[in-house]
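Q: Single-letter residue listing:
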Amino acid sequence: MTDNVLSSNQRVKLRTDSLNLFYGSFHALGDISMEIYDRSITAIIGPSGCGKSTLLRVFNRMNDLIPGVRVEGEVLLDDFSVYGKNTDVVSLRRKVGMVFQRPNVFPKSIYDNIAIGPRKHGIKRTRQLDEIVEHSLCQVALWGEVKDDLKKSGLELTPGQQQRLCIARAIAVEPDVILMDESCSALDPESTMKIEELMFSLVEKYTIIIVTHNMEQALRVSDMAAFLMIGQDRIGKLVEYGPTIGMFSSPKDKRTEDYITGRFG
Amino acid sequence: MKLTPAQSEKIARTVIWAAALLVIGLLSFIIVYILVKGLPVINVQFLTDNPRSMGRTGGIASSIVGTFMVTVLAIAIVIPFGIGTAFYLAEYTKGNMLTRVIRFSAESLAGIPSIVYGLFGFIFFVIYLKLGWSILSGGLTLAFMILPTVIRTSEEAILAVPLIYREVSFSLSATKWQTISRVVFPSALLGIVNGIILSIGRCVAETAAVMLTAGLALGMPTSIFSPTRTMAVHFYVLAMEGISTENAFGTAALLIVLILLINVVANTLVNRFMAKGR
Ligand SMILES: Nc1ncnc2c1ncn2[C@@H]1O[C@H](COP(=O)(O)OP(=O)(O)OP(=O)(O)O)[C@@H](O)[C@H]1O
Ligand SMILES: [Mg+2]
Chain A
1 MTDNVLSSNQ RVKLRTDSLN LFYGSFHALG DISMEIYDRS ITAIIGPSGC
51 GKSTLLRVFN RMNDLIPGVR VEGEVLLDDF SVYGKNTDVV SLRRKVGMVF
101 QRPNVFPKSI YDNIAIGPRK HGIKRTRQLD EIVEHSLCQV ALWGEVKDDL
151 KKSGLELTPG QQQRLCIARA IAVEPDVILM DESCSALDPE STMKIEELMF
201 SLVEKYTIII VTHNMEQALR VSDMAAFLMI GQDRIGKLVE YGPTIGMFSS
251 PKDKRTEDYI TGRFG
Chain B
1 MKLTPAQSEK IARTVIWAAA LLVIGLLSFI IVYILVKGLP VINVQFLTDN
51 PRSMGRTGGI ASSIVGTFMV TVLAIAIVIP FGIGTAFYLA EYTKGNMLTR
101 VIRFSAESLA GIPSIVYGLF GFIFFVIYLK LGWSILSGGL TLAFMILPTV
151 IRTSEEAILA VPLIYREVSF SLSATKWQTI SRVVFPSALL GIVNGIILSI
201 GRCVAETAAV MLTAGLALGM PTSIFSPTRT MAVHFYVLAM EGISTENAFG
251 TAALLIVLIL LINVVANTLV NRFMAKGR
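Chains as they are written, first to last, in our numbering: chain A, 1 to 265; chain B, 1 to 278.
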């Protein structure tokens, strides 16, 4: 499955250049430069607290919600500067969607959970909304399971279904990029597998970046892997970045090797 | 003599249990006593007749209407300001000077005895703004009185909305206003409504603040500029001036039933929605 090794001429979707991030005076990410390829799955791995979520949340500027966050360096989505002076965060987040760790459906119906994004963008016609809901649910392979009770509360679904509903909700906004922060960690193995399969079908259309603590998962699903770790200076650094297979079979850095072998146990 | 842990545990339990029993016993005694004395007075006539000869005979219809009008007015005034302020405090500021001033004022206002509000309302609305003793003056004064509670309960309800809901909403490219109006507000609504219902109870039960601002008039109010005597005030006057103990108990019983009803509604509302939200 992971044998679609990236051709060297694959288009770059996201690029960070000497990215530094500070939580107030705390230097969380140091000098991160990487390129994320279009329509590929990139996995961010590393020990707890090394800054994986922080890095992921740079791409949709979710960090903006935390007071005192400061970002230096350049982040580009296509040719569009993510942290540029005139950047409209709302339209950025339209292009970069996110799925969180826990399935967090709103206490609303399945239908309304998905329609919430499109409605915010001014789509009011029932026909059009119906189509979006159906299309989004089909893409996450949930349509067959819920098509007869779209009015049911999203909270009545199983956790695995809820997480797929969250993915559908993110897709309904029609982003280019989907960020997933440990989105399987709260799920059973079977639901996890379903979501991994989903990633393979979604990557045809979307650029996917995941954070995971599960090395088997990173190896199974990702094309590229980024290994982050806290250095001596307590700053999160990108230790190694490259095609996943290469990194897992012959890591270039001793720290990567130690981490991966340690995690495989 | 030294107590074993088991013995001290037993003693502590007994003391706490007795204290709780005493309180519950006293409260139910008061309520039952008033209901027993008052409920027999309440009949259709009592509810539909206006008071006659200072309330010695007749019913309390005008007082019921007056209470209703003053309360509705106070709530209508407090809702936009109280909830607006709560959203401002919870969502739009990050603890700056202005927030601290607002919070401090609200907390101080909450601790002021209601008669001070009454005096303020009397001087400001009744005399200075020349609104006279009226439902309007009473409603405005009560609105001031319950404002701190509404702000605080609303703010708590807003802050209790999980951060993740806001994050999800923003991640779906919502603006701040969309997030507040479509995600935070609906999730906080129940807590906000609950705070407002409790404030309704306080308005209905208030005496000092309304007596000084809405007056003591016994006639049926015709507009918000009419003076009125709310039920709690009517009860107070009847009892204090020894006009009619019987009618005083009748009014008190109706007040108690109303307040209990309001609290039951608030509780069912909370439970119903809690169950639905899970
Ligand atoms: N809101 C915040 N304010 C201050 N420091 C923060 C904040 N969020 C995270 N940090 C710090 O930044 C560093 C990176 O955190 P981050 O959550 O990105 O790590 P992570 O790699 O995702 O960890 P985990 O695997 O446990 O999820 C940690 O040292 C953390 O304490
Ligand atoms: Mg994390």
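A couple of the hints might just be wrong.
[To be verified] In silico lysine-lysine, DSSO-like type, Cα no more than 30 Å apart, as pairs:
1) A:K120 to A:K108
2) A:K237 to A:K151
3) A:K205 to B:K176
4) B:K94 to A:K120
5) A:K95 to B:K2
6) A:K152 to B:K94
7) A:K108 to A:K152
The set of hints was computed from the structure by calculation and includes no laboratory data.
Nothing here was measured: the structure is a model prediction, and the numbers come from that model.
Q: A separate judgement is required for each hint: does it hold in the structure or not?
A: Evaluation of the provided hints:
no., hint, verdict
1, A:K120 to A:K108, "16 Å, holds"
2, A:K237 to A:K151, "46 Å, violated"
3, A:K205 to B:K176, "29 Å, holds"
4, B:K94 to A:K120, "26 Å, holds"
5, A:K95 to B:K2, "72 Å, violated"
6, A:K152 to B:K94, "37 Å, violated"
7, A:K108 to A:K152, "8 Å, holds"
Checked against the numbered hints given earlier, this structure breaks hints 2, 5 and 6; the rest are met.
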